[in-house]
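Asks: Sequence lines, in order, name chains A and W. Numbering-wise (this note's numbering), the first sequence opens with residue 1 and increments by one. Numbering-wise (this note's numbering), the second sequence opens with residue 1 and increments by one.
If you're looking for bench data, these hints aren't it; they were derived computationally from the structure. Predicted model only: the values in this text are computed from it and were never measured. Every residue, glycine too, gets a C-beta built ideally from N, C-alpha and C. There's no promise every hint is true.
Unchecked claim - With a straight-line cut-off of 25 Å between C-alpha atoms, the simulated PhoX-like cross-links for lysine-lysine are:
id, chain 1, residue 1, chain 2, residue 2
1, W, Lys352, A, Lys319
2, A, Lys249, W, Lys138
3, A, Lys231, A, Lys315
4, W, Lys354, A, Lys306
5, A, Lys319, W, Lys138
To be verified - These stretches of chain A come out as covered by chain W in the derived footprint (C-beta under 8 Å, 3 or more residues):
id, stretch
6, 255–265
7, 295–302
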Amino acid sequence: MFETIILILDATLRVSTPLILAALAGLFSERSGIVDIGLEGKMLAGAFAAAAAAAVFGSAWIGLMFAILASVALALVHGFACITHRGDHIVSGVAINTIVAGLTVTLGLDWFDLGGQTPALSGDGRFTSITLPFADALADVPVMGLIYSELISGHNILVYLAFAFVPATYWVVYKTRFGLRLRAVGENPHAVDTAGISVAFVRYRAVIICGILCGLAGAYLSTAHNAGFLKDMSAGKGYMALAALIFGKWRPVPVLLACLLFGFLDAVAVRMQGVALPGIGEIPVQAIEVLPYVLTVLLLAGFIGKAVGPKAIGKPYVKERA
Amino acid sequence: MSQAKVPVWVNVGLIPLINILLAFVVSALVILAIGENPIEAAGYLVYGAFGYDEGIGYTLYYATNLIFTGLAVSVAFKAGLFNIGGEGQAYIGGLGVGLLCLWLDASMPFWVIAPLAILGAFIFGAAWAYIPAYLQAKRGSHIVITTIMFNFIASSLMVYLMVNWLKEEGRMSPASRIFEENAWMPYLYELFEPFGIDIGDSPLNLTFLLALVCCVLVWGLIWHTRWGYQLRTVGTNATAAEYAGIDNSKVTIWVMLISGGLAGFVGVNEIMGVNHHLLLNFTAGYGFAGIAVALMGRNHPIGIVLAAILFGALYQGGAELAFEMPSITPEIVVVIQGLVILFSGALENMLKGKIEALFTRPVTA
């Protein structure tokens, strides 16, 4: 029983990682007032770029670099549309998601001729799991040994990075000058402008950070969690990250908890397939899978707590003219 | 710079046309990057879509779905709402059609089943849009997020129902039994046959006429009824509407009911018209494509029909293109669709000011 729980938690960490990265990406963007439903597309583009570059150059790190480049490029398109040309944020996000869904398969087929997939990665082409010091030696220690060697040790670098980004994000958003400005442009851009700070520049930096993190999330999918790119492999994770962002009320630590909760539900759903619970019977997998979305809807509707986003979110900033 | 001085044809015709042209230019660059000739590709596309009877039939069959989802998106747009949940509403609409057909096909004739199924599609689609609408109107939750969530919820619900309840015994894939033929929407080629007219075998069916009727009804509703006036007022200026005594939340709810119902009609075309049984994933992205259609069609029924035919042609021509040029996948159409959304939606302001300035007559103040 204990071992099963550890295994489920272990899987939870793995499934949560891309959600955490993408949700933090969304946090930067949305805190600055730019709605981002293009997390999904940026993540998918990152996954494709990472797998393609890793296959060509044989290095997961080069893949990661390309993932970040691709994702930041898309983030800049989003910024160009929403910040510079005051376009609709949602429409721009939908455009990016649609373009990427088509373009990854189109380019994939042309470059690799594998029906839209990229070649299977092995060796240095993937991020492999890292065994933390003494993990094997301590494996036999009761309780703690298993927790350390199974749950904490043995993940790839991106998992640890994702978790490290949570306090880092907290620090940037709440403890730095940039963070203060970031939150301010999301709440009251006019005030920021009055203080002589460029609203557009702050927002552009926010979407670039968002692009970097989505790139990491994408690279995780194709070069760490899987060994190559598959069509539509982000499979709604970007939207789920968006749900986690709302569920965590746009704050780093609650967002992390939301991602872990959603990841946990996913891990449990896989385990519960065909298992009958005593007294309840078999719970349909779909009922567990659908919980993150239902919970987010309930939260947004104010039935469990209240989610209030940044005040100026989704509104283009127009400088007043004399 | 006064808006009123810009000639109407610039705003309604020229600017949208330039934006779409930009989208096509970028698409051509993508095709060029793959190492194919974009002009040759366009040739195959046009031939595949319009070059022979069967091709035209397929084009109009795809357009049928796109008219429904395009109308659904634009009705909501007109009221200032972004219904991104067309995909889920279409899915549940199809469920309504399927359940009715499974229930009545053995006992009722076609002329009883068809109107009931159409009604069922509307009611199921509308019901799926009702919850997000209610939550937006009464609880203040954002309709975009809620409708996205409802797409996923619809998808899980359908998998659950298909796998556990509706799957036919002995079938490998989760799909229901095939309906009796009296629950099939007649194909147009069958209707033309008795008159000796051959229009080629294609999935184009009577639902196409329903789509055209919907266009007329939506046009009438938006521009020629008191309701439509309220809807447009709320969409233009919600605060002014409130002061004028229009109940914003009531408008939100009924607009979304109509929007969801229209999206639900995709189910009539797909389930009754073509597949003749319930199955998974028959919505195939039509809900999202509706956004591109609405943007391109400038939220006007005539524009939507034209845009839907254009996208239908891309779907059908894309299949032909992939056949003739094996290095191109039909997914290229999805890229074009995305670029249209980008240029005629998100970047619509990019060239607007500059073009308008060209046509603005200098006014002496």
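Asks: Against which earlier hints does the structure fall short, listed by number upward?
Replies: 3, 4, 5, 6
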